[in-house]
Amino acid sequence: MIRALFVAAILAPGAAWGQQADQDAIPLGSTRNAVAAIPAFELPDELVYLSSRLSGEFVDSLRTLAPNVTIISGLDRESALQHASRAHGADANLLTPALLREATELRWAQSWSAGVDRYITIPELMERDEVVLTNMKGMYGPVIAEHVFAMMLSSTRNLPHYVDSGRRGAWDRGPRAALGALQGGTILVVGLGGIGSEIGMRAHAFNMRVLGTVRTLRRPPAYVDALGTTANLPELLPQADIVVLAVPLTDETRGMIDREAIAMMKDGAWLVNIARGAVVDTEALVEALDSGKIGAAFLDVTDPEPLPEGHALWGRDNVLITPHVAARAQLSGDRAEALALENFRRFGSGLRLLNVVDRATGY
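For the sequence shown, the working numbering assigns the number 1 to the initial residue and increments by one for each residue that follows.
Just so you know, the hints here were simulated from the structure itself, not pulled from any lab data. In this text the structure is predicted, and so the values were computed from the model without any measurement. Watch out, some of these pointers could steer you wrong.
[Said to hold, decoys possible] Here are the simulated lysine to aspartate or glutamate pairs, EDC-like style, with alpha carbons at most 16 Å apart:
# : residue 1 : residue 2
1 : Lys293    : Glu283
2 : Lys293    : Asp281
3 : Lys293    : Asp241
4 : Lys293    : Glu260
5 : Lys266    : Glu305
6 : Lys266    : Glu235
7 : Lys293    : Asp267
8 : Lys293    : Asp258
Construct the complete structure from the given sequences, taking the supplied hints into account.
Rendered as structure tokens:
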């Protein structure tokens, strides 16, 4: 599947594209902020990359695409230190202050997650402008969007009740009022990026009215009815039956959904968080659930995380919590590895990398 997804494509502006044999082209990565980790004219004969996770199949594919890149895999943060002085690239999860001090030749760090909040808070990395940080923005969007709708549909169709009835062997249709529909409702996607766009497209397919926010205002895509920025939340939140959070965690978004924001929401509105737990003020959320201001919450992320036993969010009929698994699926892994293969090819050839993180904005 990795080979099927991967194409060393000549880029159109803004995106690279992979092609699956029996499917339409899929976005492979963004050229926004694209830059070479080491320009071609400065490349050494051998590039060394440190990894904690690359599979044998991946490394085999890489030998053809980037024969000058040597992968040292199966590392943890401690063992990576032994190779730090040789490293030109590394998985971002291996980055520690100690490694960054030793890895004077480091020029590339690949985050295997879309969010990079845990990396851009490392002072030793932020001081190294020459180290290009790339992420998996957009690669997990389709699966996360499906997870969002799975959580919401479990409530509109009262699926927990029927699972329980089936276990009891009871033909129990439950109350008619417990069954609803998404069609005709208004959904606000806060953060219409790679993941948020996938959510918005699916909401449009459900015949929902779709609102969205972006960091910099632009023309809304065809599946969005109205687009604004964070500054427009006071106008957008009161319109939404469902608010979905899909923003990266930055200084700007930390605690974004606080008591003031919740007060702007419709009475009984639903809140979905697949971003980061700290985007929501947890105490304010609990209070809103207690009062009925928020009718239901669907959370793949929490603050704190993991959510401790006995926390006030557990045990509620109107709260569905999944343990940060929204991105997990074979499709996500295939897309991520396809993007990584393309970036390794570019790394080995001195070309501009895809999905380069803007450290100033945090994504």
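Satisfaction of hint between Glu305 and Lys266, Cα-Cα up to 16 Å
violated, 27 Å
Mind checking the alpha carbons of Lys266 and Glu235 for me, to see if they're no more than 16 Å apart?
holds, 12 Å
Between the alpha carbons of Lys293 and Asp281, is the straight-line distance 16 Å or under?
holds, 15 Å
Is Lys293 within 16 Å of Asp258, Cα to Cα?
holds, 13 Å
Sort out whether Glu260 lies within 16 Å of Lys293, counting only the CA atoms.
At roughly 12 Å apart (the allowed maximum being 16 Å), Glu260 and Lys293 satisfy the hint.
Need the status of pair Lys293, Asp241: alpha-carbon distance at most 16 Å?
Given that 16 Å is the threshold and the Cα spacing comes to 12 Å, the pair holds.
Does the alpha-carbon distance linking Lys293 and Asp267 stay inside the 16 Å limit?
holds, 5 Å
Straight-line alpha-carbon gap Lys293 to Glu283, limit 16 Å:
With a Cα-Cα distance of about 13 Å, the restraint between Lys293 and Glu283 holds, given a limit of 16 Å.
The structure fails hint 5 only (numbered hints given earlier).
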